[in-house]
Each structure stands twice: as structure tokens, then as C-alpha cells.
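We have chain G; now place chain L onto it with these hints.
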Amino acid sequence: MQPTIDQIKDIFPQIQRIVNGHPLHYLDSAATALTPQPVIDAMTTYYQSNSTTYGGIHTLSSETTKAVDEARHAVRTFINARRDDEIVFTKGATESINLIANTFGREKLKNGGHIVVTQLEHHANFVPWQQLARETNSKFTVAPILQDGTLDIAALKNILDTGDVTILAITHASNTTGEIIAIKEIIRRAHKHNTFVIVDGTQAVVHIPLDVESLDADFYVFSGHKLYGPTGIGVAYGKRELWADLPPYQTGGKMIASVATEQTTFAKPPYRFEAGTLNIAGIIGLHSAITFVTKLPTFSFEHERTLLKYAREKLQSIQEINLITPNADTLPLLSFSFPNIHPHDIGTIASEYGVAIRTGHLCTEPLLQALGTPAVARISFGVYNTTDDIDALIESITHARRILL
Amino acid sequence: MDSLYHDTLLAYGKNTIHERGLPDATHRASDVNTLCGDSVTFEFIVKNKQIIYLGHKAAGCVLCRASTAWLADKINGLAKIDAIKFIETLITNVGPTDSTDHIFLSVIQNPTRTKCITLPWHVAHNALTQDSAVVTEILRTIYDPELPINIYDLGLIYDIAPTDDGINITMTLTSPNCPVAETFPNQVQRAVSERLGITTKVIVTFDPPWTIERATADARILLQR
Chain G
1 MQPTIDQIKD IFPQIQRIVN GHPLHYLDSA ATALTPQPVI DAMTTYYQSN STTYGGIHTL
61 SSETTKAVDE ARHAVRTFIN ARRDDEIVFT KGATESINLI ANTFGREKLK NGGHIVVTQL
121 EHHANFVPWQ QLARETNSKF TVAPILQDGT LDIAALKNIL DTGDVTILAI THASNTTGEI
181 IAIKEIIRRA HKHNTFVIVD GTQAVVHIPL DVESLDADFY VFSGHKLYGP TGIGVAYGKR
241 ELWADLPPYQ TGGKMIASVA TEQTTFAKPP YRFEAGTLNI AGIIGLHSAI TFVTKLPTFS
301 FEHERTLLKY AREKLQSIQE INLITPNADT LPLLSFSFPN IHPHDIGTIA SEYGVAIRTG
361 HLCTEPLLQA LGTPAVARIS FGVYNTTDDI DALIESITHA RRILL
Chain L
1 MDSLYHDTLL AYGKNTIHER GLPDATHRAS DVNTLCGDSV TFEFIVKNKQ IIYLGHKAAG
61 CVLCRASTAW LADKINGLAK IDAIKFIETL ITNVGPTDST DHIFLSVIQN PTRTKCITLP
121 WHVAHNALTQ DSAVVTEILR TIYDPELPIN IYDLGLIYDI APTDDGINIT MTLTSPNCPV
181 AETFPNQVQR AVSERLGITT KVIVTFDPPW TIERATADAR ILLQR
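If you're matching them up, the sequences are chains G and L in order. Using the working numbering, count along the first sequence one by one with no gaps and you end on 405. Using the working numbering, count along the second sequence one by one with no gaps and you end on 225.
If we strip away everything but chain G, and leave its shape as in the complex, we get (with noise of 0.2 Å):
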């Protein structure tokens, strides 16, 4: 029998609390998602019944050795890779681009050569990139985005048309925006052109299923804790014949083939890339987190996008509102902002009123200075919303408008 929502949340302790005097309404999912129970237990139970690390060869050290290869192969099979041994485990997506750009980037662009980013990217796939470009004498180009804050996807088959771009760094969806690309259509006519494509999917993994064999992208990253995971866990996944002929990106423990002292050689991926000790704990709730995602019946899905039609309606009736996300096939997400309210000031009143909703620039400052704005508030859903969560924001909202204008 499936599931109702309110067990669904029941799974989730923190909905339980009360903040501020007030049930939490937690609306910041798309920062990160709460973590249910079975993922708590799963790492708790790692640290009291074993808390080894991984290749030893007594009893507790060998489970943890198999919790890690079966964490690597669930990975695998969640995004449709065609190995394991294509998934590398870093702390988080930030991590995976930084790792990805300072080991294939920087190889590729040995000589120069053109990176290619989008308006939409968060910090964490922009900087590297522009980072990676100055240092290597590259032509770092931004793709734009249209006046309704969407991507021109017509410029950036421009851009990639030109056949010079040696790399596509994009996002799957904004997570300002909400709005989900056509990556599948981009990488294809990257491919024609022999650009290499890294996708940012940290928004889009939980909510769109993910075959990165069908989708062809050279490489994809995403974190653990938008996925009802733990923190501190992430994953670079990339096709293996990227990966074979990389260097290091951090070198010690863990990832050497044999050290002798005139030579090390280095193992193979993924082990290559994952020097000193693994977070355990991260992956083993990492694999707990992709049991539960890919349990949740589908109609949780559908009741996130029900949330966000309802939140629109909503949000829609409130005077001089600025809705940022686009009416359209978004992530469960909606930004807005008011002409003569802060964001902060949203955020920290509907605080009061135990609403948790994210405000400011959201790690997205070339996106927001294209809208010509320097903040804006998000609400974001997760399987654990209802309607209520929605109703106590407006009430905040209204409030707000009250004792601020």
C-alpha cells in the first residue's frame, strides 16, 4: 500500500519541530532537503556497529569495504551509468566541478581554448570555469539569457555552432529560476561539434529521472543533501574513457596503484580521485537517501507540482509581486520579489511565523544582476509539503506588507 503524505512526513523528524513558536513550514528544499530517518539510522548504525574505513582486511573494515562498492553500484544504477567505476565520491558537487576542471579542464585547455558557461549557473559551476579560463589563457563566455530570465538557447546553439568551444559547463535547472534545460538537445549539438559537456544536475537530480547513458553527458555532478542525503557527500560522474587518462586532482592516501620512493603510480579511477578517507557515514546515507527517493511513490512527484501551481495562484493575488520563475515546466520552486521589500526582511519575518524560505542573491550573482536585481526570496518544495506550509507563508507575507509599507 502507498504511503500518504502525512506518513510521509512522519518520516522526516525535524517537520516535528516547533520554531519560533510555530509548527516548522520548511520551504527551503531546494538548499537542502530534509533528511528522513531511514538515512539518520543507516549512518548512525554505521558509527555503532562499525565505524571502520574502507580495505582493511578484518571483519567491520570488509562490511565497510562492500557498504562502499554497494553505495557505488546504487549510484550507478540511479543515473543509468554503464559502470561503477564512473562514479567518483567527492563532498559535494562544488567539489566534483572543482575536481572535474582542474583534471579533464585543465588537460583539455593545455593550450587555450574556449569554456562556455550559462547566465543560469550557481557560483559553484561558474567560478571554476572562470577561474580555470584565466589561468590557462582560455575564452571564458557567458551563454545569456532571454529578457524573461530564461536561457537563449537559440544564442547558445550560436555559440556552440561556432565549433571553438572545447567545454559546456550547464546547469540541468536553475535553482533560481526553476527552469529545467534541454540538456539532452545541448549535449547532442556540443557532440557535433566535439565540445565536452559537464553537467551541473545538483537541482535536477531529485526531481527528473536521470539516464546520463541517454542523455550522453561526459560528465554529471550533484550532492547528496538536496537528495534527502547527508551533507558532505557528493558525486562526480564521468565516462570512463574521460576519466582513464587523468591525472590526480589531490594526491596521498588511498588513491596510488604502488609508492616507491623515485615514483608513484597512481590507481585507477575512480580510486584515483578519491585521495585519503572517504566519508563513510556520507555514503552509506548517500545510498540510504537514493533507497528512499527511488521508493517514494510517484504521486509524491505530482503533489510537488501541485504545491507549485497552488503556491503560484497564491503568491499571484498579492499586490506588486514580481514572480521570477516562469509559468511553465519548472522545478518545484518560486522565486519572487516585492519593488519595496527586502527579501531579508520576507525571510526573517516569515521566520517568525516558523516559515523557512531562502532569500538573497542564492549563489546566482550573474544571474540576478542580468534581472537587475541584487536579492530575491525562494520557497521550494519537498515530498514532505502540503498546502499549509503555503497558507503560513502568505500569512507571513501579509503580514510583512503590513508593518513594512
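For the record, the hints were derived by calculation from the structure and aren't laboratory data.
Sample of chain G residues lacking proximity to chain L, with all beta carbon distances greater than 10 Å (derived):
(1) I15
(2) F140
(3) D391
Heads up, incomplete: computed chain L residues facing chain G, CB under 7 Å, no partners named:
(4) S3
(5) L4
(6) Y5
(7) L10
(8) C36
(9) G37
(10) G60
(11) C61
(12) V62
Beta carbons: idealized from backbone N, C-alpha and C, even for Gly.
Relative to the frame of chain G, chain L by itself:
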């Protein structure tokens, strides 16, 4: 829980009594918190060491606007030195030491919003302590009698030092035989003292002597043409 947005704070947020631009300001500073877009400008007219007029412009969140208006209220009419001391106490204690007058107590419980209220304090402090910045602006409007370059960019100004009752400007001339050596320093003295209304002393020195290397790069290009 008491709201962070209590009535006094909200009232200051809507208080525009001192909201104005002062083109004749003797002291001026602005700053922007690029993370949230809060922006503050403070302008003062200081005469005889006293703030006789002030104006501010603040854009952004209510906390920032309230803190700006509140500070303007507190320091309007004070002796400059007392205003500076008051602001330094505010910055050190993140608010007034007298808790009955501390309209920001609820804000400082919330570290993510503290910067909203401290930004205007730093701006006002910068404005009142950086006489030299305003002096620089004035000096840039004074041109060497023989060259198309202002005396600041030409490198004639060696030092701008605030004193207890005004400002000391140490400058040189392009050569001791300069035809206007007698009158030019007086012209500089008058320009600054009339504009700022403060005691201005100009000290002329030829040690070290001026050379073209003292001019800004742009000025050197102009000179070499």
C-alpha cells in the same frame, strides 16, 4: 517570541527626516553590501568642528534603513569628535551601551542580519574620519597654472593630515622658481577652507623635490604628449 521588527525599529525604517543629498557636504562616504544590495550614503556639513547639517540615503532592507535613520537622529548637531566617539562605541558594542536605548537588541540575536544594521555605522564613521578623501576631491578641482593636470594627479600633494581643529596639507611646486610660488599655496588653502569650513594650513616643501615620476600614469602620458 518578540518580533525583530518592533514598532520603534519600524518607525525608524520609515523615517525620512534626514533623507537628502548634500552637494556641499564637507564629509561624505558610501558603501554597498553587494551580497544583498543594501546601500548607504552619509553626507555631513561640518563647520567649526560641529555637524551642522547631515543627510543620508539608504536603500535595501528595513533594518539597514532604520539603522541609518536612527544614527542620523543620534549624531545630528553633535561635535564631530563626539559623533565619531559615539559611532565607535556602537561598532565596538554592536549597539548602544545603554540597553534601554538599544533598538537593535533583537537584531543582534540574529547574526545573519547584524550586518544590515552595522553597514550605516561604518559608512558614517568613514565619512567623518576620512577628511582626506573629501580634500582629495577638492584638490582634484585645482589645476596647475601651466599644465592641463590637477595638482593632486600631478603629485604635488605630499600629505593630507587631519588635525584637532582642521587639516594640514603638505605640498610642493614643480620648481622653486615657479612663477606662482607666492600665490598658489594660498589659492589651495582658500579652496579647501572655504569649501570645508575648517581651519586649513598649507605647508610648502621642496624636500623631496617634485619629479615627473610623482604624477599618475595618466598624467604622465598627458605630459609627454
